[in-house]
Each structure stands twice: as C-alpha cells, then as structure tokens.
Amino acid sequence: MLTYTVYSEAGGVGKTTLSANLAKAHARAGQDVLVIDLDPQEGSLTYLLAVEAARNEGGSDNLVRHMIGRPGGAFADLVRTAEPGIDVLPSHNMLERLTELLLRTSEIEEQTNPDPEYTYPRYEQLHRVLAEARIHESYDVLIVDPPATTGDHLYNAIYATRNVVIPLELSGKGHQSVEGLQDIVAGLESELDLEVGVLAVVPNEVKDTADQREYEAALSELGFSVPVSIRDRTSLFEGCWKQQVNAFTYVEEHRARKRQYELDTLAQFDELAAFISEQVDGEAAEHAEVSA
Numbered sequence: 038m039l040t041y042t043v044y045s046e047a048g049g050v051g052k053t054t055l056s057a058n059l060a061k062a063h064a065r066a067g068q069d070v071l072v073i074d075l076d077p078q079e080g081s082l083t084y085l086l087a088v089e090a091a092r093n094e095g096g097s098d099n100l101v102r103h104m105i106g107r108p109g110g111a112f113a114d115l116v117r118t119a120e121p122g123i124d125v126l127p128s129h130n131m132l133e134r135l136t137e138l139l140l141r142t143s144e145i146e147e148q149t150n151p152d153p154e155y156t157y158p159r160y161e162q163l164h165r166v167l168a169e170a171r172i173h174e175s176y177d178v179l180i181v182d183p184p185a186t187t188g189d190h191l192y193n194a195i196y197a198t199r200n201v202v203i204p205l206e207l208s209g210k211g212h213q214s215v216e217g218l219q220d221i222v223a224g225l226e227s228e229l230d231l232e233v234g235v236l237a238v239v240p241n242e243v244k245d246t247a248d249q250r251e252y253e254a255a256l257s258e259l260g261f262s263v264p265v266s267i268r269d270r271t272s273l274f275e276g277c278w279k280q281q282v283n284a285f286t287y288v289e290e291h292r293a294r295k296r297q298y299e300l301d302t303l304a305q306f307d308e309l310a311a312f313i314s315e316q317v318d319g320e321a322a323e324h325a326e327v328s329a
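Here my numbering runs 37 ahead of the position in the sequence shown, where the first position is 1.
The set of hints was computed from the structure by calculation and includes no laboratory data.
Keep in mind the model is a prediction, meaning the values are calculated, not measured.
Please note that the accuracy of each hint is not assured.
[Said to hold, decoys possible] Straight line, CA to CA, 20 angstroms or less: simulated EDC-like cross-link-like pairs of lysine to aspartate or glutamate: (1) K279 <-> E120; (2) K295 <-> D269; (3) K279 <-> E290; (4) K279 <-> E89.
[Said to hold, decoys possible] Distance windows between CB atoms, simulated: (5) G67 <-> E46: 31 to 39 angstroms; (6) W278 <-> S143: 32 to 40 angstroms; (7) Y298 <-> R141: 45 to 53 angstroms; (8) E147 <-> T118: 35 to 43 angstroms; (9) E46 <-> R141: 25 to 33 angstroms; (10) E228 <-> Q297: 43 to 51 angstroms; (11) L300 <-> E147: 53 to 61 angstroms.
Here a beta-carbon is modelled for each residue, glycine too, at the ideal position from N, C-alpha and C.
Modelling step: build the complete structure from the supplied sequences, incorporating the hints.
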C-alpha cells in the first residue's frame, strides 16, 4: 500500500490543493484512494472535495474519538465517498483538541497500566486505528493532509505513513525551507524514531525567474527528487476552491474552453502520482490521457 503525508512547514504553498489533485490522479490510474483530513481548519480538504461531514456536532463519532480509544461506531462509518475511487475521512472540530485529548488519555493509560515502565504511544494512535480497520485491504493509496504545524497531528500522520511529499514555494522564504528540508526530515525521524522517506518535493506557483531556477537547482543538489514543477495557476486553483472540485473536474466541467497550459498542469499531476507510486512499488501507474 502506498502511504504518504503531504506536508509543508509553511502555509499557503498549496498543500491541500496538491493533496486533492494527487488523490484524483491516483484514482485516474485505477487506484482506490483514502484521504484523511487531519486539519481542523474550516477551509480544509473536506471543504475542497465537497464532503458532507457533521464537523460541528460535538456528539458525533469522528476520528479523534477512535484515536483516544472512545469510538462511537465503526471506522467504516466515518468514511465518505467524494467520487468514484476517492474516499475521504473528513475533518471534525474535535481535531482542535487532539493534543489535549491524547495527553489526557496518556495520563490515564500510564497511571492504570500495571507496568511502571509503560509509556503510552501517543504518536502511534492513527496508525493503530488504520491497522485495526485493515484499510490496506480496501485501498491502494493513503494520503494524509495535516495542518502546517508540528505536533500530534503531524506526528501521527508521519508515523502512519512513513513518507512525505513536500510542496514548496520557490522564493526567498522558500529558499529557507529548501535549506531546512533536511533538518525537518531529521527532526521527524528523531522525534518518531523511524526513517522517513521524502518521495518528492514539488515546487508550486513557479514563474520561472532566475532566482526560482537557482532555488530549484539547490533542491536537486541536496538530493531531493523534483519530478515536476507546477507553474503559477492561480486562476485554475482559485476556481477549484470556488467550485469545490479537483482541477481535473474543474477543467472538464467549468471551463468552456480548454486551455492547453491547464491541460499540461493536469498531465503533471498524473506524472507526479505515477512517480510517487513508482518510488514505492517500482512500477508506474498508467493514466488516461488528458484531452483538449
């Protein structure tokens, strides 16, 4: 099973947009995808994919309840279908309290465990829930979209997936991120005591300036894989958020005239999904052609 977290320490770099479009690209290749939205913000993947979710109902079952060992129903009942091939485990307002609730659960478990050396595995709870639900029997791809901050959301996501795909802004701010990528990965590995694979780094909103070309070259010099660079597609991606669809659906259903540069961008998402798949199973998935 292909598993990865789409993460960037910087906000506003298209993390959620990339997650949605990679999910669609994997589905176009015939893979069954589960996307987990760990971001408590209102404008999250759940919103972008127009998934109906009772996120404001405090008494409703949700992923956090399962992670702290207090489920209100079956895991499968949490999952919503966004479109054929793409299922979503939606966000819920209780995610805002995830750290607090995991700490409280940790205290109870450690105080009541007969082994005085026992330490509650706080960052392993998402992995536990997914393993108990045996999602590997139902899905080919798992994508987790956490908030752009370190903490329990991110650590649970990384522990469950072991791999990251990192969207990046090629700018002065992004250059600092380029130089800090290795430190970020090393920090995650140290915090979680496991090896984290960087499947791809994806420059986004690229305008092909001299400075941006310099920053992109720096990525390659550091040994990161940069299979595609997404050009500045502000109109396309703003349209996706307005219509609450992925870019493939937006171009197909909301563009009267197909623009070749947008079709090229869709092809890049297909290429990126195939590249990511190949890193894990050594075999690139085949995609349907994107036609004008």
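Satisfaction of the hinted span 32 to 40 angstroms by the C-beta atoms belonging to W278 and S143: Since the Cβ atoms of W278 and S143 sit about 37 angstroms apart, the hinted range of 32 to 40 angstroms holds.
E46 paired with R141, Cβ distance criterion 25 to 33 angstroms: Holds: the Cβ-Cβ distance is about 27 angstroms, inside 25 to 33 angstroms.
CB-CB spacing for Q297 and E228 relative to the 43 to 51 angstroms hint: Given about 44 angstroms between the Cβ atoms, the range holds.
Pairwise beta carbon distance, G67 to E46, judged against the given window 31 to 39 angstroms: 33 angstroms, holds
Satisfaction of hint between E290 and K279, Cα-Cα up to 20 angstroms: 13 angstroms, holds
Pair hint K279 and E89, alpha-carbon separation not exceeding 20 angstroms: Given pair K279, E89 holds - Cα atoms ~16 angstroms apart, limit 20 angstroms.
CB-CB spacing for E147 and L300 relative to the 53 to 61 angstroms hint: 55 angstroms, holds
20 angstroms Cα cutoff - pair K295, D269: 17 angstroms, holds
Outcome for the supplied range 35 to 43 angstroms, where the beta carbon pair is E147 and T118: For T118 against E147, whose Cβ atoms are near 39 angstroms apart, the range 35 to 43 angstroms holds.
Pair hint K279 and E120, alpha-carbon separation not exceeding 20 angstroms: Distance of about 18 angstroms is within 20 angstroms: holds.
Status of the given 45 to 53 angstroms range, CB of R141 versus CB of Y298: 51 angstroms, holds
In summary, this structure violates none of the numbered hints.
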